[in-house]
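> Chain A is fixed; fit chain B onto it per the hints.
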Amino acid sequence: MAAQFIDQFAKNLAPDTRAAVYDGSKQGHEKRTKLLFDTYADPDRLRRLAGEIKQHVLENLDTYLPAVEAKLLANGAQVHWAATGEEACAAVLRIMQARGAKKMVKAKTMVSEEIELEHYLDKQGIETLETDLGEFIVQIDHDHPSHIVKPIIHKNRREIAKSFEREGLGAYNDDPETITRRARQFLRHKYLAADVALTGANFVSVESGRLVIVTNEGNSRFCLAATRCHIALVGIEKLVPQDRDLGLLLNLLARSATAQQLTVYTEFVSGPKAAGQPDGPEEMHVVFVDNGRTDVLASDCRDILRCIRCGACLNVCPVYRQASGHAYRSVYPGPVGAVLSPLLAGEKFPELADLPKASSLCGACHEVCPVNIPIPDLLLRLRAKGKAEGAPLAAAGTPPMGAWAWLASQPTAWKAALFGGKMINYLPTKLLPIPALRAWESKRSLPEWRGGEFRKWLRNRQRP
Amino acid sequence: MNAARRSPFAAGAGRRVQLMATCLCDAFYDDVARATVEVLEHFGCTVEFPEGQTCCGQPAFNGGDWPASRQVVRHTVKTFAGEAPVVVPSGSCAAMMFHGALLEFEKEADLPEVKQLANRTWELADFIVNGLGVKTWPGRFDATIAFHRACHTRGTGTVDAALGLLNSVAGLKVVPVGEVEQCCGFGGTFSVSFPHISANMGELRLEHIRAAKPDLLVSPDMSCMMHLGGLAGKEGRPIKIRHFAQVLRDALKNGGLL
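Same order as they appear, the protein sequences are chains A and B.
Take any residue in the first sequence, count from 1 to its spot, add 72: that is its number in this note's numbering.
Take any residue in the second sequence, count from 1 to its spot, add 11: that is its number in this note's numbering.
Hints in this document: simulated from the structure, not taken from any laboratory.
Glycine included, each C-beta is placed from N, C-alpha and C at the ideal position.
Any given hint could be a false lead.
Listed next, the in silico DSS-like pairs over lysine-lysine satisfying Cα-Cα at most 25 Å (straight line) [stated by the list, open to error]: (1) B:89 <-> B:184; (2) A:345 <-> A:175; (3) A:494 <-> B:184; (4) B:251 <-> A:83.
Each pair of labels, with its calculated beta carbon distance range [said to hold, decoys possible]: (5) B:144 <-> A:314: 42 to 48 Å; (6) A:120 <-> B:18: 26 to 32 Å; (7) B:119 <-> A:80: 50 to 56 Å; (8) A:484 <-> B:146: 39 to 45 Å; (9) B:147 <-> A:506: 24 to 30 Å; (10) B:267 <-> A:529: 46 to 52 Å; (11) B:264 <-> A:131: 31 to 37 Å; (12) A:162 <-> B:190: 45 to 51 Å.
Excised from the complex, chain A in its bound form (with noise of 0.2 Å):
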């Protein structure tokens, strides 16, 4: 069997790695699992209710879209259309010229990653920096992120110190509030020397043009209070049809992700700074950002993009737990990656065209999403396109199916076989060339083959 990269990528996973991915990840869907039960009689009901919301949205982003930006002129923004992430790019690149803009402070957002901003900016000398703790960690170390929410769920605290004395940020210390203490004592310097805060936006209301940033360390609002010019990066996708509407989204995001009521910060954030109010963005810009998602508004897998990033797929998912997300190969790993990022990927599916088969199809990351996405439906579309498409990604290690195919269509063949099976209880298994079954046995013993002796029961009993 042609050895499937993720699988690879688990096997070969440092011991140290596969316990803190493991570890965080089990522990996250847990605590998840027992603050929403605890807190609502039926959250089946709330998944379902905000899943049908978001769906909505789906349905109606022609209308809502042009809404949305009415709204945000009126209050003061300033809207950008980007079809590409070479599109956002530019656009953030252009709004910082202008400005004569050199310095960026940066609050946690998935679409920048999507997007390569960092790189892209660094090339035209602007310095960006991270503020959300975990991904000013990746930042330094020059890695990426592998988890949506934690995006250093791979690493101990032993690297994070080793990572911070290597940056000349104090002596080797592994305590995380010591950690904690020298990032926040680095960052603040930094903020006032930026010129320009880029957020992305968890929600945006339609009815009143809100953005909704979570986080859990202020950042955001330190971006915001530093600095003179706001960007907002927002995928098409991020809009809720009214405010009340957020009652619900917000509830739900905060128990799924990180197991909290709410997270410590929620900002609305309606415009820029006001005549009259003592400070905030005198400039506000959202980017709206495709990127591939109208291609996805229009597939079989539109139900995808009802996503709000919690990664409570991935932490349920015994597949994440063990690959970690780097195995994806894409921004956004484990069940809800192994959907989008193919997709996203466009021309390039084939690329990616194995993602969608790590999965036993067991259905958990169904069951726990926030917006009730019917993840294992959509793997299987994608397998199916892959195979449809002939990628070789998608056919490697799947045994090809059209003679198994021609045997279940024909009783008398299939009888045969049930009873001709009977030769491997006495064959030695090893030599037979049949990969899967080696597969099989590297790990499992098999039963022992019964072909034929239900049928045999049946017909030569006497009926009650």
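Chain B alone, transformed into the frame defined by chain A:
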């Protein structure tokens, strides 16, 4: 999920059911199919076994080869023609019929025929409890069991139904097992194309199961049992696996009812 909580039988049709034995029972676990017949007959069902049956089509469906899978599903639809409920002693094969097949036939002209079969397909425990209305089980079975949920029963009535029946059996004790939402690692072709992750998933389940110290491991799906039993057997620490139908059948026997 077979959400219909109506009588599964057409008026005046008697208690006639069609048994979909599943290919695993056809090839390996004949006693599970036999136990299924015996428990259904105990509650007055007439069990028919369409001889032409093969497989539900799931291997190719999960493997992404939908044209091949549809070929097999079409054969199954033809084989199980009629109005009688189709009862399946496997959460996974049942879900293939009432959920998976609908997905791969979404754009096919014969979707209505597939739907017709989907609407009368039942997983066994769901059928006994929610179809036949049997809530408690007679007889006796002296054992401590661990129950593995089988992932394809998520969102269906199966787990509550099976646990309700098992808990009602005299002498039988169901012990709690950790992390019940976690998969055994089988996943069909997943088990052979992702052997490392798959086996580790199974080992994690086995750890929880062994910690509960059951006499038997019981499930509504023999594919999970084949995987967990196979892993335990390979490492020389075998566990006793059973389908819940076997437990229910043996309870009848022990109680002198069969």
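> Look at each hint and say if it fits the structure.
Consistency of the hints with the structure:
no.: 1; hint: B:89 <-> B:184; verdict: violated (42 Å)
no.: 2; hint: A:345 <-> A:175; verdict: holds (20 Å)
no.: 3; hint: A:494 <-> B:184; verdict: violated (36 Å)
no.: 4; hint: B:251 <-> A:83; verdict: violated (29 Å)
no.: 5; hint: B:144 <-> A:314: 42 to 48 Å; verdict: holds (45 Å)
no.: 6; hint: A:120 <-> B:18: 26 to 32 Å; verdict: holds (28 Å)
no.: 7; hint: B:119 <-> A:80: 50 to 56 Å; verdict: violated (37 Å)
no.: 8; hint: A:484 <-> B:146: 39 to 45 Å; verdict: holds (42 Å)
no.: 9; hint: B:147 <-> A:506: 24 to 30 Å; verdict: violated (45 Å)
no.: 10; hint: B:267 <-> A:529: 46 to 52 Å; verdict: violated (22 Å)
no.: 11; hint: B:264 <-> A:131: 31 to 37 Å; verdict: violated (56 Å)
no.: 12; hint: A:162 <-> B:190: 45 to 51 Å; verdict: holds (47 Å)
When each numbered hint is compared with the structure, violations occur for hints 1, 3, 4, 7, 9, 10 and 11.
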